[in-house]
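If you're matching them up, the sequences are chains A and B in order. Counted from 1, the first sequence has number 303 at position 303 by the numbering used here; the numbering is strictly sequential. Counted from 1, the second sequence has number 15 at position 15 by the numbering used here; the numbering is strictly sequential.
Worth flagging that the hints you see were computed from the coordinates, not collected in a lab. Idealized CB from N, CA, C, for every residue including glycine. Treat the hints loosely; a few may be bogus.
Stated by the list, open to error - Derived DSS-like pairs (lysine-lysine); straight-line CA-CA distance at most 25 Å: (1) A:Lys-239 with B:Lys-239; (2) B:Lys-280 with A:Lys-239; (3) B:Lys-262 with A:Lys-124; (4) B:Lys-124 with A:Lys-239; (5) B:Lys-128 with A:Lys-239; (6) A:Lys-265 with B:Lys-265; (7) B:Lys-222 with B:Lys-298; (8) B:Lys-239 with B:Lys-280; (9) B:Lys-124 with A:Lys-265; (10) A:Lys-328 with B:Lys-298.
Claimed, not checked - Cβ-Cβ distance ranges computed for the label pairs, FRET-style: (11) A:Lys-239 with B:Arg-241: 47 to 53 Å; (12) A:Gln-127 with B:Asp-149: 29 to 35 Å; (13) B:Asp-149 with A:Asp-54: 47 to 53 Å; (14) A:Ala-49 with B:His-110: 44 to 50 Å; (15) A:Asp-54 with B:Asp-54: 42 to 48 Å; (16) A:Glu-302 with B:His-110: 38 to 44 Å; (17) A:Glu-302 with B:Glu-123: 26 to 32 Å; (18) B:Arg-241 with A:Glu-130: 52 to 58 Å; (19) B:His-110 with A:Val-119: 37 to 43 Å; (20) A:Pro-68 with B:Asp-3: 42 to 48 Å; (21) B:Tyr-331 with A:Asn-75: 27 to 33 Å; (22) B:Asp-54 with A:Lys-272: 37 to 43 Å; (23) B:Lys-158 with A:Asp-284: 31 to 37 Å; (24) A:Gln-11 with B:Lys-239: 49 to 55 Å.
What the hints assert, rightly or not - Partial selection, computed: residues in chain B whose CB lies under 8 Å from chain A: (25) Ser-30; (26) Asn-62; (27) Val-235; (28) Ile-296; (29) Pro-300.
There are 2 protein chains.
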Amino acid sequence: MADKANKNRLQFRPHFKTHQSAEIGEWFRSCGIKMITVSSVSMAGYFAANGWNDIFIAFPVNILEMEPISTLAENIKLHLAVESEEAVEYLSQNLKFNVGVYLKIDTGYHRTGIQADDVSRVEKILQKIEKVPNLNITGIFTHAGHSYDVTSVNDILKIHNDSLGKLIKLKNRLSRKYPGIIVSVGDTPSSSLATDFTGADELRPGNFVFYDVMQYFLGACKPEDIAVALACPVVAKHKERNEIVIYGGVVHLSLDSVTDTKGRKVYGLVVKMTENGWGKPLNDTFVSSLSQEHGIIKAPDEVFNSIEVGDIVGILPIHSCLTANLAKEYYTIDEYLIKKL
Amino acid sequence: MADKANKNRLQFRPHFKTHQSAEIGEWFRSCGIKMITVSSVSMAGYFAANGWNDIFIAFPVNILEMEPISTLAENIKLHLAVESEEAVEYLSQNLKFNVGVYLKIDTGYHRTGIQADDVSRVEKILQKIEKVPNLNITGIFTHAGHSYDVTSVNDILKIHNDSLGKLIKLKNRLSRKYPGIIVSVGDTPSSSLATDFTGADELRPGNFVFYDVMQYFLGACKPEDIAVALACPVVAKHKERNEIVIYGGVVHLSLDSVTDTKGRKVYGLVVKMTENGWGKPLNDTFVSSLSQEHGIIKAPDEVFNSIEVGDIVGILPIHSCLTANLAKEYYTIDEYLIKKL
């Protein structure tokens, strides 16, 4: 992804909310990455304490966290996300140190942000920002999260082009008054699949560091690109239903699901742990339901018969960001084999 | 609930997986509770370290955790859940200290456990257990979790009666050879609504300590019984969609939902924080979607207009066990008012 950003002359500011790990952050640093994105003030604090000093908190600024925001702004190059005049007003009265500001733009996901075609609102907020000495306009950014709701690579590319097009149009409207403004994009499906980023200045994907079953179902990665699995002990088997019960539930995997081609809800795919990592997802085998600590795997006979109580199976998560957040710890394959849990 | 257990001459062994808090555990202790249920070895370790010495881990024993299980068994009165001959076999070879054993029985939920009418399998496992000096048969237990899948109080009571009936029938079949065996039940919907527990010996509900929106939708509690709310800062408003964006997402609330009478998916109800706690759920106002850190509230005009960026709203969780697990910390109303977050 760093190479892709380079080739497309994009500033690369990967999102660290997926891994939330200082150690994995070092892998990025060894690729020359210096700027990062996070989704909360506490995450920014964690990475700042681990030597990152150019951090964008890509979440509408929570004005109730002014104290830790000020501490960060005093110590690192901090960027905040703003989408309302109220927030700017509050920052103007309470922020004592310089921060960069990205305007959050809604290009069709409709989760949050200013409508991309609402130029007058954008200008109003920018005018307000201009008057505050501590606030420096960095750019406009979007999360085209509606790329997760479609079912074909073509549709993802359409959303990418449409979303980026809206930001470029907005930038052009603003460029006379605000010549330095940058355009920042970066949902993982678009970042993985698109080849044309003309007009964008910055790329902020996060999930690609691990990928997951959702990205695989979207066509944004291959199964063998999924780089994280939850190691789950097998605690029971039920032959009458071809079901395997694992110690691995909502508190470990979270509750996201995808629907497979047979219309079944899938809460995870299943792999066997090997000395070199893990194999391909097991044929026609999937996590069919989850409760707090239990996971239920449906498996055809040959898979069912090859797994015993006391084995450990790997679950490829539907949404790796959430599973990593819950697991809190990682083992590399080597560490895993040494510890064998 | 303790009173109810008392009146019905039931041994009360509340499930502590909902609150997972030593401090809240003390409230139970002050009601005279001495025995508890948990759902993992680590939870058992936590409560054992906090002075609880009669703990049932109501989850199919994970034989890969033999070391911490042995440590617990050495120090407290520990009970394990067993449902397979493999597990008994493993315990017989590896367990050095005495434990009590409950057999996990499936009375219709079909998550895990031995089918209630599979008497020969139950007897086979009991015979195996008998031969192991360290394993002492405590009882048979079920979690009638299918009481969460129905839509009327009557249906919940039917499941309670059916489920308890199956356990009693099984106990009667076993009582000549195993006269001391106890019958243990206790999903929160049944425990809250049923009045007849004849034949049961032990009650193990957990969720009732907080209740939640799911229990309210099931008819197992009233909205004012819900004793926990997630305090969420408001970070943006979108008048064109009557949507309020909060800092509160899947990593805080988890992703359970209920469907309301209008067919809408509800991920939480919304309350205003007051000096005495919080008020009723706001009229026609609900969390309509969640992503990693964002929550979206749909609200009618009068509610929408009464909430501003920078306010804190309370979200009544759909599934309080999961939300409490994610929040990790509690504030009482007094502490909350002092800190104002």
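Against the structure, the hints:
1. A:Lys-239 with B:Lys-239: Not satisfied, since the Cα-Cα distance of roughly 54 Å exceeds 25 Å.
2. B:Lys-280 with A:Lys-239: Given that 25 Å is the threshold and the Cα spacing comes to 47 Å, the pair is violated.
3. B:Lys-262 with A:Lys-124: Measuring from Cα to Cα gives roughly 38 Å; hence the hint is violated.
4. B:Lys-124 with A:Lys-239: 17 Å, holds
5. B:Lys-128 with A:Lys-239: 20 Å, holds
6. A:Lys-265 with B:Lys-265: 17 Å, holds
7. B:Lys-222 with B:Lys-298: Given pair B:Lys-222, B:Lys-298 holds - Cα atoms ~22 Å apart, limit 25 Å.
8. B:Lys-239 with B:Lys-280: Between B:Lys-239 and B:Lys-280 the Cα gap is close to 24 Å, so the pair holds against 25 Å.
9. B:Lys-124 with A:Lys-265: Roughly 35 Å separates the two Cα atoms, so the pair is violated.
10. A:Lys-328 with B:Lys-298: Cα-Cα ~32 Å, so violated.
11. A:Lys-239 with B:Arg-241: 47 to 53 Å: At roughly 50 Å between Cβ atoms, B:Arg-241 and A:Lys-239 fall inside 47 to 53 Å, so the hint holds.
12. A:Gln-127 with B:Asp-149: 29 to 35 Å: With Cβ atoms ~55 Å apart, the hint is violated.
13. B:Asp-149 with A:Asp-54: 47 to 53 Å: The hint (47 to 53 Å, Cβ to Cβ) holds, given that B:Asp-149 and A:Asp-54 are roughly 50 Å apart.
14. A:Ala-49 with B:His-110: 44 to 50 Å: 48 Å, holds
15. A:Asp-54 with B:Asp-54: 42 to 48 Å: For A:Asp-54 and B:Asp-54 the Cβ distance comes to about 54 Å; the hint is violated.
16. A:Glu-302 with B:His-110: 38 to 44 Å: Check failed, 23 Å falls outside 38 to 44 Å.
17. A:Glu-302 with B:Glu-123: 26 to 32 Å: 31 Å, holds
18. B:Arg-241 with A:Glu-130: 52 to 58 Å: 28 Å, violated
19. B:His-110 with A:Val-119: 37 to 43 Å: Given a distance of about 57 Å, which is not inside 37 to 43 Å, the answer is violated.
20. A:Pro-68 with B:Asp-3: 42 to 48 Å: Holds - the Cβ-Cβ distance for A:Pro-68 and B:Asp-3, about 45 Å, lies within 42 to 48 Å.
21. B:Tyr-331 with A:Asn-75: 27 to 33 Å: Hint holds: Cβ distance 29 Å, inside 27 to 33 Å.
22. B:Asp-54 with A:Lys-272: 37 to 43 Å: For A:Lys-272 against B:Asp-54, whose Cβ atoms are near 39 Å apart, the range 37 to 43 Å holds.
23. B:Lys-158 with A:Asp-284: 31 to 37 Å: 35 Å Cβ-Cβ, so the 31 to 37 Å window holds.
24. A:Gln-11 with B:Lys-239: 49 to 55 Å: Violated, since A:Gln-11 and B:Lys-239 (Cβ atoms, about 34 Å apart) do not stay within the stated range.
25. Ser-30: This interface hint is violated because 26 Å lies over the 8 Å limit.
26. Asn-62: 5 Å, holds
27. Val-235: 4 Å, holds
28. Ile-296: Result: holds, 7 Å to nearest chain A Cβ.
29. Pro-300: Because about 19 Å separates B:Pro-300 from the closest Cβ in chain A, which is outside the 8 Å limit, the hint is violated.
Against the hints set out earlier in the document, violations occur for numbers 1, 2, 3, 9, 10, 12, 15, 16, 18, 19, 24, 25 and 29.
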